[in-house]
Amino acid sequence: MIPRVGPIDPAVPVRLEVACASGHAMAFAFWHRPPDTDEWQKFAEGRTVDGQGDTHSTTIETQPHAQIYYWVAISNPARPHAAYHAHLTLTQRDALVPHGSIDLTGTTDAAGNDSVEQWLDLV
Amino acid sequence: MLVAATIPLAAQDADTTQTDDDTTAVDDAESDSADLVRRAAASVISSYSVPDMPAAAFLGTTPATITRPATARDFLIGLASGVDEHGQARQGFALEASPSAIVPGLGVSLEQYREPGVTPRYLLANLLISLGAARAAGDTAPTVLAYGLRLTLPDGADPMRDPAFLEALGDSIARCRPKAPIPGIPRGDTTPQANALLRDLLAERHDRAVRCMDLHTRKLARRYARAHWNASSVSVAYAGGEQLRRGSFARRRHAGDRVWATGAVRVGGIAQTLVYADWTHDRGDAAPDLFDAFSYGARVNLGSESMNGFVELLGQTRSGAPAGVPGHATAWSAGLELRAAESLWISAGLGERFRRTAAPEVVAVLAGVRWGISLRSWLSPAE
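Line by line, the protein sequences are chains R and V. The numbering used here numbers the first residue of the first sequence as 797 and each following residue consecutively. The numbering used here numbers the first residue of the second sequence as -16 and each following residue consecutively.
It is worth saying that the hints were derived from the structure and are not from the lab. Heads up, the beta-carbon is just placed ideally off N, CA and C, and yes, glycines get one too. You may find that some hints are simply not true.
Computed cross-link-like contacts, DMTMM-like style, restricted to lysine to aspartate or glutamate with a CA-CA straight-line distance of at most 25 Å [stated by the list, open to error]:
| hint | chain 1 | residue 1 | chain 2 | residue 2 |
| --- | --- | --- | --- | --- |
| 1 | R | Lys838 | R | Asp805 |
| 2 | V | Lys162 | R | Asp905 |
| 3 | R | Lys838 | V | Asp172 |
| 4 | V | Lys162 | R | Glu813 |
| 5 | V | Lys162 | R | Asp890 |
| 6 | R | Lys838 | V | Asp183 |
| 7 | V | Lys162 | V | Asp145 |
| 8 | V | Lys162 | R | Glu841 |
| 9 | V | Lys202 | R | Glu813 |
| 10 | R | Lys838 | V | Glu288 |
| 11 | R | Lys838 | R | Glu857 |
| 12 | V | Lys202 | R | Glu841 |
| 13 | V | Lys162 | R | Asp805 |
| 14 | V | Lys162 | R | Glu857 |
| 15 | R | Lys838 | V | Asp275 |
| 16 | V | Lys202 | R | Asp905 |
Derived list of chain R stretches under chain V, where covered just means 3 residues or more per stretch with a C-beta under 8 Å from a C-beta of chain V [said to hold, decoys possible]:
| hint | region |
| --- | --- |
| 17 | 814 to 824 |
| 18 | 863 to 873 |
| 19 | 879 to 892 |
Turn these sequences into a full structure, and let the hints guide you.
Shown next, in the form of structure tokens:
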């Protein structure tokens, strides 16, 4: 089931935050597709960097019927087969967008890695 | 050696021949038994590390499938899967979980994990609990339910606390980022429908990304482990078990306990001292089967570009040993190898452990010392 997030207010940018609460390093990328187009535009990417904390955030000006596609990679080679718990949050005016809290949980493989990719329909 | 010493005595006095033969046999038996104990100690202390899954080590099994819950809900479902419809323990069940991952509010972020020192959060993140159930061969054998925990205390080779490693790790996994979303995603202004093709595409992309990450991070982790082979660390583990007659929790009996502890101390740039202790308390099926065993080991590893070596003492002390089996035995082993030229190593050593570790291309035994020539290093502690 594709998550339908919103309703959102087109007058205010949406803030996306991705954070990991299980001691894993992360890399991520976000794409955006406005309504009535087939083009995806990457609007943010990042990774764990020393001293920058565990939460990565970005903002995007968007509107209902647009879509956001995310890819989040999780890694801890020191702890294979470990449970991870990351979180994707969409907010507007510092308030959570309805259905905008998305848990990314799972278990890493024998090398300590996993990735999640999915898209969201904004309404 | 014992046989050679007793033969002349037997030849000198025919009346004592039988006695001498018996003595020889007893000495041989004791020697064999002591060797057995030494070998047992060597097999117990195979890697100077506490078991990954103490409950499985207690049971002496390697579970085919281990449930590793990522949430409290998964944990409860996992626990429930260990009990059958009659409320009895299901054999073959194995579960491993980190309390910091499954208990809401106990999560440890990377930033918290990297706070200096051995903090409560660091300990929590390195605490693993395990459960397992197994039944010995035979229809009437009881099921044994084992529970265990494993805790890593300070670990100088923990890459996740090293800023340089994290930087490289971030780079490595970011290289596996897809260039674009999967094709064919229906637009947001259309009615969403289940699409098997998109699900397959997502699964295929996931597998590709994880394969890419595995390739890069394995290389990185190997390089890091080699560079930090002699780091200091301490780990402890415990496992206990309950015998369940006919799998029933109502008919349980404590089966025993086992405790492991290992420590490593970095000695300069080229050496490391390792210690290992393993105490087993087995209640057996009846009082005569009760025994305690304490296995211990101490080892000094040396490693450099041109020379590797080790000195090791292994031992085992056992109470309740059967007649003829010594209650205590120790074994020494040592080995040294020198690089004579590029891809040419000369080694020398003695003891069971050296014989098992080093398998050079050319071997000669002179004066009890095993000499070898090989094209690769066998004793490098970094491997």
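The hints, checked one at a time:
no. : hint                  : result
1   : Lys838(R) / Asp805(R) : holds, 21 Å
2   : Lys162(V) / Asp905(R) : holds, 23 Å
3   : Lys838(R) / Asp172(V) : holds, 20 Å
4   : Lys162(V) / Glu813(R) : holds, 21 Å
5   : Lys162(V) / Asp890(R) : violated, 31 Å
6   : Lys838(R) / Asp183(V) : holds, 23 Å
7   : Lys162(V) / Asp145(V) : violated, 29 Å
8   : Lys162(V) / Glu841(R) : holds, 11 Å
9   : Lys202(V) / Glu813(R) : violated, 30 Å
10  : Lys838(R) / Glu288(V) : violated, 47 Å
11  : Lys838(R) / Glu857(R) : holds, 13 Å
12  : Lys202(V) / Glu841(R) : holds, 24 Å
13  : Lys162(V) / Asp805(R) : violated, 29 Å
14  : Lys162(V) / Glu857(R) : holds, 22 Å
15  : Lys838(R) / Asp275(V) : violated, 63 Å
16  : Lys202(V) / Asp905(R) : holds, 15 Å
17  : 814 to 824            : holds (count 9)
18  : 863 to 873            : holds (count 7)
19  : 879 to 892            : holds (count 3)
In this structure, the earlier hints numbered 5, 7, 9, 10, 13 and 15 are contradicted, and the remaining ones agree with it.
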